[in-house]
Amino acid sequence: AQTVTQSQPEMSVQEAETVTLSCTYDTSENNYYLFWYKQPPSRQMILVIRQEAYKQQNATENRFSVNFQKAAKSFSLKISDSQLGDTAMYFCAFMRPRGSNYKLTFGKGTLLTVNP
Amino acid sequence: EPEVTQTPSHQVTQMGQEVILRCVPISNHLYFYWYRQILGQKVEFLVSFYNNEISEKSEIFDDQFSVERPDGSNFTLKIRSTKLEDSAMYFCASSAGQGPRGLYGYTFGSGTRLTVV
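Line by line, the protein sequences give chains P and H.
According to our numbering, the first sequence holds residues 2 to 117 in order.
According to our numbering, the second sequence holds residues 7 to 123 in order.
In isolation and in its complexed conformation, chain H is listed as follows (with noise of 0.2 Å):
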């Protein structure tokens, strides 16, 4: 079954530094999603991308937030400026949309555990 693979699984940086987190969706999916769950709590959408461009984002997505698919299979969300307060599982999902049998496929990848010290 096609997965949606994230790297790294864990990654740890000091505060202030720039984080790339790396997905990439199943290859004829058109739609990609990114969500952060703060441990121990539910999990909240951040942004959503489709056609090179956001299609919505979230009060958390702010401008320390960018999003891009730089290759046509890759697709990364960048902190620039980490706090602490972004600690967080951070999941990558994809989805192929929907037509007449309704909603094909939504995938989430297995997530980075992003921890900032």
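Next comes chain P alone, as it looks inside the complex (with noise of 0.2 Å):
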């Protein structure tokens, strides 16, 4: 079974910086996809930004962007510029893709609270 491990469960920035939110994660798949949530304390889960595995560019999604390091197995967010706004839970997750079914394993989620 896939494991998704987030061994930072709570991280805080200031305002303008930058922050790297880890993630690793354990397969033996080589077809996979690699996502980051955001978790807003209204609760609802948006994502961030996704990473094909067979893709070796790491994604980038304005002020988020990941360095996917696959022989590793690890997948950290990189947050640019901090907002107050980004304060959240941020849940890393991994699928792989079988036949009909795309179900996604969350990590346990990494509290950041962003500080003026």
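Hint data in this document are derived by calculation from the structure and do not stem from the laboratory.
Treat the hints with caution; some may be incorrect.
[Claimed, not checked] DEER-style ranges, computed between Cβ atoms:
| # | chain 1 | residue 1 | chain 2 | residue 2 | range |
| --- | --- | --- | --- | --- | --- |
| 1 | P | PRO41 | H | VAL18 | 40 to 46 Å |
| 2 | H | LYS84 | P | ASN32 | 30 to 36 Å |
| 3 | H | MET21 | P | ILE47 | 30 to 36 Å |
| 4 | P | SER81 | H | GLN47 | 25 to 31 Å |
| 5 | P | GLN58 | H | PRO76 | 27 to 33 Å |
| 6 | P | ARG44 | H | GLU65 | 31 to 37 Å |
| 7 | P | TYR55 | H | SER79 | 32 to 38 Å |
| 8 | P | GLN58 | H | ASN80 | 24 to 30 Å |
| 9 | P | GLN9 | H | LEU90 | 28 to 34 Å |
| 10 | H | GLN70 | P | SER43 | 27 to 33 Å |
[As the list claims (entries may be wrong)] Covered stretches of chain H, as calculated for chain P (at least 3 residues, CB under 8 Å):
| # | stretch |
| --- | --- |
| 11 | 17-30 |
| 12 | 81-94 |
Fair warning: this is a prediction, and the values are worked out from it, not measured in the lab.
The C-beta atom is built at its ideal place from N, Cα and C for all residues, glycine as well.
Hints given; two lone chains; assemble the complex.
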């Protein structure tokens, strides 16, 4: 079974600074996807960024970028120019497409607080 | 942008009662999911559903749980006899599968907060 580990239960950063959230995963598969989801206090699940395992290039979305190290099974999220609205729980998730099933396996999350 | 709609947003029920949580997936999506998040904990997979049958279910999804797509638009999760430990946020999600360009969408609803008293 796949596992996703987020080793930082909580982190904080000053507004406008950069922060990196860690995620490691365990799989023997070669074809998979990795995701970062943001969950603000409203508890909605918002997709931040996605990475396909077959792509060597790291995904970027505006202020959000990932460092995908396939051999090390590491998938960290970097948030640049942190904003107060980035305060949320961040979940790393793994998906191994198989047949008609695309279930996500989540890590335990990192609570990020952006301080003014 | 298309949305996954869940109703109600919050439901309070007495222990032992049946509850039905409702979801309207994105119209051209074919794969449907339920996840659960107990307060302060991680999001856990419950069940995936495709072509009117369950693709996979987790250990959490025991005989008290069932899913249905009764009319081609709604996707429901039923809990037959609720327990205190069923109190959680329940998320519905839908996706369009994958193709040559990779994964086609995976969208979560805003969740139903179930409180069992």
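Verification of the hints:
1. PRO41/P to VAL18/H: 40 to 46 Å: Given range 40 to 46 Å: violated, Cβ gap about 23 Å.
2. LYS84/H to ASN32/P: 30 to 36 Å: holds (34 Å)
3. MET21/H to ILE47/P: 30 to 36 Å: holds (32 Å)
4. SER81/P to GLN47/H: 25 to 31 Å: About 29 Å separates the Cβ atoms of SER81/P and GLN47/H, which means 25 to 31 Å holds.
5. GLN58/P to PRO76/H: 27 to 33 Å: violated (43 Å)
6. ARG44/P to GLU65/H: 31 to 37 Å: Violated, at about 24 Å.
7. TYR55/P to SER79/H: 32 to 38 Å: holds (34 Å)
8. GLN58/P to ASN80/H: 24 to 30 Å: violated (40 Å)
9. GLN9/P to LEU90/H: 28 to 34 Å: Hint holds: Cβ distance 31 Å, inside 28 to 34 Å.
10. GLN70/H to SER43/P: 27 to 33 Å: At roughly 28 Å between Cβ atoms, SER43/P and GLN70/H fall inside 27 to 33 Å, so the hint holds.
11. 17-30: violated (count 0)
12. 81-94: violated (count 0)
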